[in-house]
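**Student:** As a plain string of letters, each chain reads:
There are 2 protein chains.
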Amino acid sequence: MLIVMKFGGSSLATNDRIENVAQIIMNKVAEGNRAVVVVSAQGKTTDALIEKGKSVSDMVQPRENDVLLSAGEQMSSSLVAMKLNAEGCAAVSLLGWQAGIMTDANHGNASITDVNAERIISELDKGNVVVVAGFQGVDCENDITTLGRGGSDTTAIALAAALGADICYIYTDVSGVFSANPSVASDAVKHDEISYDEMLEMSSLGAKVLHNRSVSMAKRNGVEFEVRSSFDDKSGTKIRKFAAKKDVTGIVCDSNIAMITVSGIECGESTCRLFELLADKNIPIDVIIRSQGSDKSTGTVCFSVASHICGWISDVINAKKDEIGFDLITAEYNMAKISAVGLGLADSCSVAAVMLSELNALDIHPRYITTGEIRISVIIPRFMAQEAEKRLNSAFFGKKEER
Amino acid sequence: MLIVMKFGGSSLATNDRIENVAQIIMNKVAEGNRAVVVVSAQGKTTDALIEKGKSVSDMVQPRENDVLLSAGEQMSSSLVAMKLNAEGCAAVSLLGWQAGIMTDANHGNASITDVNAERIISELDKGNVVVVAGFQGVDCENDITTLGRGGSDTTAIALAAALGADICYIYTDVSGVFSANPSVASDAVKHDEISYDEMLEMSSLGAKVLHNRSVSMAKRNGVEFEVRSSFDDKSGTKIRKFAAKKDVTGIVCDSNIAMITVSGIECGESTCRLFELLADKNIPIDVIIRSQGSDKSTGTVCFSVASHICGWISDVINAKKDEIGFDLITAEYNMAKISAVGLGLADSCSVAAVMLSELNALDIHPRYITTGEIRISVIIPRFMAQEAEKRLNSAFFGKKEER
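From first to last, the protein sequence lines are chains A and B. Per this note's numbering, residue 907 is the first one in the first sequence, and the count goes up by one each step. Per this note's numbering, residue 907 is the first one in the second sequence, and the count goes up by one each step.
With the rest of the complex left out, here is chain A:
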């Protein structure tokens, strides 16, 4: 079998962990597999390089920043290849440009446009494990690019697709995809498999295990992959096109939420101008709630944003107060968004009812509720979020006899 294995930064953070990673790879090779390994930068290397760039210049050009950041995966790929060779397992490192990872020129957040896998195939044919530096590629000008956050996952999925790999393992520091965050809900259930769409929805709503982009690429290319832990290498969670249908797949909590309320805004053009402004500034908005005042022509618009940009975006809106036309802007910080995600939600009427009744039992009465094709989200005060996540996980996934 041809397998692609991706290891994240925390799986490579120390020399002991590199040794552990080498052991996992050698086990797979000993079973007769041909292996392509994709590595992230060690531990906090990428953050340190970002800080270094900023310390030299307060104007960091994306092209030069990509040259700087790509050194992180360059170093870890050579270290892993060294370790494998020293253990008697023939290996060779390849950087993005050597591995044929072609991208567009969108420095800092480039998309893979093509993979020229000849060099990788020729190294596999020589009997080498090929260790590819993740997160990086090269554009048509021969300039180094980076793929943005979660980029090494994307590299792995793209290589699995280009090579027609039999399986792609994404090794990380958790053992799979859970029904809720296991460090919050101790009875969270690990899924054996879930669908691309469920995974996409969960990632969008704040689940940290995988980045949206890599899941989209896997879905587009039909790459089946598995998330598992590099600490035990036991079966994790397979992400594939179809998976056993459940009403609810997971409870996801994003505790980095603020609500902005714009009141006394005219319902027609003013509201349009407000959202044009937000689109213009590239602000992703999830929950939006409108209510009309008694005079019917003006009303209130509430929407959620990531809390760390709340102050900035409030200022941006206030600066255009006259142009847009509204009375007042206020913000509620310290909010959280709890979502239930599941392919079965579309067909089930009971999920919303169960969710609200469980929250009610905790004396939580969310003012903001929004639904999508396969999810229901509520916005609640952040200090109640962990209790709510635990309770909802137990309601949907807990052992029946314990309830």
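Honestly, the hints are just simulated from the structure, not real lab data. The reader is advised that the hints may include incorrect statements.
Which bits of chain A does chain B cover? Going by a derived footprint, with three or more residues having C-beta under 8 Å, they are [unchecked claim]: (1) 958-964; (2) 980-990; (3) 1092-1098.
Just so it is clear, CB atoms sit at the ideal spot from N, CA and C, and this is done for glycine as well.
Following the hints, complete the assembly by docking chain B onto the known chain A.
**Tutor:** For chain B alone, coordinates are given in the frame of chain A:
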């Protein structure tokens, strides 16, 4: 004018020094020059990366080590380009493979075989300062190579040759090439110019300012270059084919010397086998002295080696004692080699006489003396070396009225 400027690791060690380097470059650009800049890794980065590789594996493969080490110059090239751009000076970084630095596949100590300068020229034509990562290249397999110690100087000279640059500046932490080490001999004289051959001899004998290989490449390609300080950017020392002829150009001290004495060795084949063994182990030997015993068929062979390999090489020779055939091997550690270098030495009979009489005045009576076309070297105890260097510098370069 098209100029090549090379900055060493100590000139780039901190953010303040990067700023200083950017200022020097911008001054040259403001004078109307087109500039190609070659950078080393910052400060002690290369040593840190070497240690990192060794810590992961006690078997470091040269190919993978080159991938690891080349990250050092990659980071510094992007940082310098960032700083220049931030200051309003258009700049672009290029790594060895992007800059067309072609080398052989001798990982860790590769030689530049060719320079494909198209990309550099196209960036210069766009009005960019081109910041090239020194010390690195790419072989015909598209694998990254490094050029060995002093490699960034070699990169600069090779680029100056390929581009037909008008001048090549090697910026370092000293202000030029001196008649002796200015931190030892306070009245050491800075040369305005010296010839390639003098510089080569001085580098071979232990002068640290330039690496042999870069000087050889400059000589071979007729590249005139100038060593100057990145701290003041004042005129330094030009190295060129012809320079004003002096009896003595410099006093060079190498204090990392040990003498090995092999006694009771047969003068014919045994001695040959000894030196074959040393050649086999790639041991560079400078001073060799033979003396015959009273029986005429056996004698003593003394030779100098770098002191840090003295123990190891003594063991190597002892292990072959029966095969070679000798009585005893002994070593004198803590020796130093003082050399006088000058094109005029070939024609002057007085230098040796002056040298020995000056040393005699210090009560130093060297047992080992060796001469070459343009140099005379003596081996003396290390603790006397600084006194000797100072005295000889004053004798050959001191102001007459002060003596």
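**Student:** Would you mind marking each hint as holding or not holding in the structure?
**Tutor:** Comparing the hints with the structure gives:
1. 958-964: holds (count 6)
2. 980-990: holds (count 8)
3. 1092-1098: violated (count 0)
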